[in-house]
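Undergrad: Letter by letter, the chains look like this.
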Amino acid sequence: MPVKAVKPYSFPAKDTVDKFPAPLLYIGWDEHLMFCAPHCIPVPPTLPFKALISDILPGIYGYHPDFSQIDWSRVTWLKSGKPFHPDMEKSVAENGLKHKDVIRFCTPGLRGIKGSCS
Amino acid sequence: MDTQVKKLGLKERYAAMTRGLGWETTYQPMEKVYPYATYEGIKIHDWDKWVDPFRMTMDAYWKYQGEKEKKLYAVIDAFQQNNGFLGITDARYVNAVKLFIQGVSPLEYYAHRGFAQVGRHFVGEGLRVACQMQSLDEIRHYQTQTHAISTYNKYFNGMHHSLHWFDRVWYLSVPKSFFEDALTAGPFEYLTSISFSFEYVLTNLLFVPFMSGAAYNGDLATVTFGFSAQSDESRHMTLGIEAIKFMLEQDPDNVPIVQRWIDKWFWRGYRVLTLVGMMMDYMLPKRVMSWREAWEIYGEQNGRALFRDLARYGIREPKGWLDAIDGKDHISHQAWNTFYNYNAAAPFHTWVPTDEELDWLSAKYPNSFDQYYRPRLEFYREQHRAGNRFYNKTLPMLCTVCQIPMLFTEPGDPTTICYRETDYQGDKYHFCSDHCKEIFENEPEKYVQSWLPVHQIYQGNCFKPGVDPTQPGFDPLMAVFDYYDLDFGRDNLDFEGSEDQKHFAAWRGQALQNTV
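So the protein lines, in turn, are chains A and B. Note that numbering that gives the first Met the number 0 has the first sequence beginning at 0, numbered continuously upward. Note that numbering that gives the first Met the number 0 has the second sequence beginning at 0, numbered continuously upward.
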């Protein structure tokens with residue numbers, strides 16, 4: 000349903016990819032809601048996916064006592080809520096991630112502070 | 000002048016001071032003089048059917064408000080001269096006042112502008128006059144709140160740039176975008192959003208908690224402006240319900256339009272009230288009632304009665320109603336956690352509640368607190384004591400519509416964040432709920448323009464002019480705080496160890512003990 004207006008109503012979108020230094024990626028860690036919300040980070044499309052895990056995630060999630068326990072071979076991923084199987088050797092863009100895509104990772108066996116999903 | 004004036008009765012005076020002031024234009028056609036009167040699709044056949052039950056006229060308004068304000072300022076003066084701020088329960092309470100002056104008072108000013116605007120654009124004189132008075136009420140409220148709270152600004156941090164913050168700080172984009180959404184709608188939607196959904200359905204959940212919180216915590220200044228505003232609020236609530244009934248009675252075609260607005264604005268208002276829930280459960284050293292209890296009384300019970308009453312017009316409960324009820328066990332805790340995470344970027348303090356307060360929360364939230372929220376608060380406390388206070392340093396993902404970080408969980412599952420998204424013109428847009436998503440999908444052209452603070456920071460629009468982000472050692476977050484005019488280490492961070500805490504302890508000590 001279009002917006003009702005007295006004149007033609009068309010304004011540019013504020014958050015198109017050209018306005019950012021790099022495309023945005025949203026990322027959330029399931030069942031670890033101590034981090035109150037998923038995060039938003041600009042990620043160069045050429046960054047290898049494995050570098051996301053080794054170089055970027057520790058800075059975001061390293062505070063959590065579960066983080067160092069993660070067995071990355073058992074981690075499952077979701078993209079837009081659907082199963083996602085990233086190729087660690089390929090870049091973020093080659094894994095099909097575009098501006099403002101949202102991914103989540105689930106760490107089996109780890110359920111946050113005292114199992115509270117925090 | 001030697002004239003014999005017959006004194007008019009209330010009804011006659013109201014007629015003379017409203018209907019008697021209008022006319023049909025002849026130099027210009029009416030539709031050019033009132034260009035926004037019809038485009039929303041609302042059909043009005045007889046503007047004279049608008050009845051103001053208070054029959055307030057401008058002459059009575061000035062007299063009445065003048066008297067009220069005289070009393071209010073006498074109390075504020077007394078509070079200031081007697082260092083009334085020393086009588087509050089605890090300096091933590093002042094953070095509720097900060098939240099109010101930062102996030103609520105600017106809405107009063109927006110409401111003033113909004114009612115001035117729609118008062119100009121409605122055709123019927125009765126409604127125009129009612130909007131004019133509400134517009135004046137709102138600017139008075141903004142002023143009296145500013146004056147009442149100014150005494151705290153002299154002694155505590157976190158209030159010195161409240162308007163500047165309102166236009167910039169991430170969390171204040173929540174109330175700001177809420178109101179700007181209403182201000183940029185047509186006059187009838189504005190009335191539905193502010194007069195009905197906010198003032199009539201939800202205002203008790205805003206004012207009662209803040210004012211009774213103030214009363215319980217010894218804040219006489221805030222209580223007094225609350226009382227002063229209360230008689231205005233009842234007029235505003237009446238305008239809200241009358242406006243809805245007027246639209247619904249004028250034409251059956253209005254019903255679906257009004258219903259969609261009610262769906263939208265109930266949800267938008269409910270999301271803003273998350274901040275109030277957090278204030279009630281965490282920021283008041285002496286608690287009034289829990290958010291859950293307040294929601295049950297002022298939200299659920301009142302709302303049910305209201306929507307039963309409106310059913311005869313074909314109006315049903317807002318779409319988000321059940322999800323709102325589901326949230327009552329969770330949203331205050333989830334919101335406090337968000338501010339605890341990002342307290343470096345918010346100009347008030349957070350803290351972990353005391354053991355006694357944690358027990359109170361456990362008792363008030365038997366279905367959720369011990370299971371989901373207490374463990375992390377205790378973990379935070381341990382870490383803080385060990386010198387490792389948690390601050391989340393990476394910016395959060397926001398909902399495109401309500402602009403709140405994506406902190407809300409799936410209805411029925413408090414362990415999973417609620418993610419919703421939609422594609423529009425080649426881009427993805429994300430939402431915290433089905434209802435924010437539906438609001439977007441009804442008017443995507445509007446919300447693609449959302450000024451989302453996190454995205455604005457990444458676009459480089461939240462640094463002071465002349466700042467060079469390519470300089471070696473550039474710290475983007477500190478540059479953002481500088482742009483905010485947030486005094487790092489004084490306005491923000493944990494209450495424990497704050498200047499507010501130290502000052503209040505020292506001043507109260509001086510007031511209660513002899514000095515040698």
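Errors might be hidden in some of the hints.
[As the list claims (entries may be wrong)] EDC-like mimics (lysine to aspartate or glutamate), calculated; alpha carbons at most 20 Å apart, straight line:
1. A:Lys3 - B:Asp51
2. A:Lys81 - B:Glu179
3. A:Lys18 - B:Asp422
4. A:Lys78 - B:Glu179
5. A:Lys78 - B:Glu409
6. A:Lys13 - B:Glu409
7. A:Lys18 - B:Glu409
8. A:Lys89 - B:Asp433
Quick caveat, the hints were computed from the structure, so don't treat them as lab data.
Undergrad: It remains to establish, for every hint, whether it holds in the given structure.
TA: The hints, checked one at a time:
At roughly 29 Å between alpha-carbon atoms, Lys3 (chain A) and Asp51 (chain B) are farther apart than 20 Å, so this suggested pair is violated. Taking the CA atoms of Lys81 (chain A) and Glu179 (chain B), the gap is about 35 Å. The hint is violated against a cut of 20 Å. Taking the CA atoms of Lys18 (chain A) and Asp422 (chain B), the gap is near 18 Å; set against the 20 Å cutoff, the hint holds. Of the pairs offered as hints, the one joining Lys78 (chain A) and Glu179 (chain B) is violated, with about 33 Å between alpha carbons and a cut-off of 20 Å exceeded.
Between the alpha carbons of Lys78 (chain A) and Glu409 (chain B) the distance comes to roughly 17 Å, so the proposed pair stays at or under 20 Å and holds. A hinted pair counts as satisfied when its Cα atoms are at most 20 Å apart, and Lys13 (chain A) with Glu409 (chain B) does not qualify at roughly 28 Å. With a C-alpha separation of about 32 Å, the suggested pair Lys18 (chain A) and Glu409 (chain B) falls outside the 20 Å cut-off, and the hint is violated. Restraint check for Lys89 (chain A) and Asp433 (chain B): the C-alpha separation of about 34 Å exceeds 20 Å, so the hint is violated.
This entry does not satisfy hints 1, 2, 4, 6, 7, 8, going by the numbered hints stated previously.
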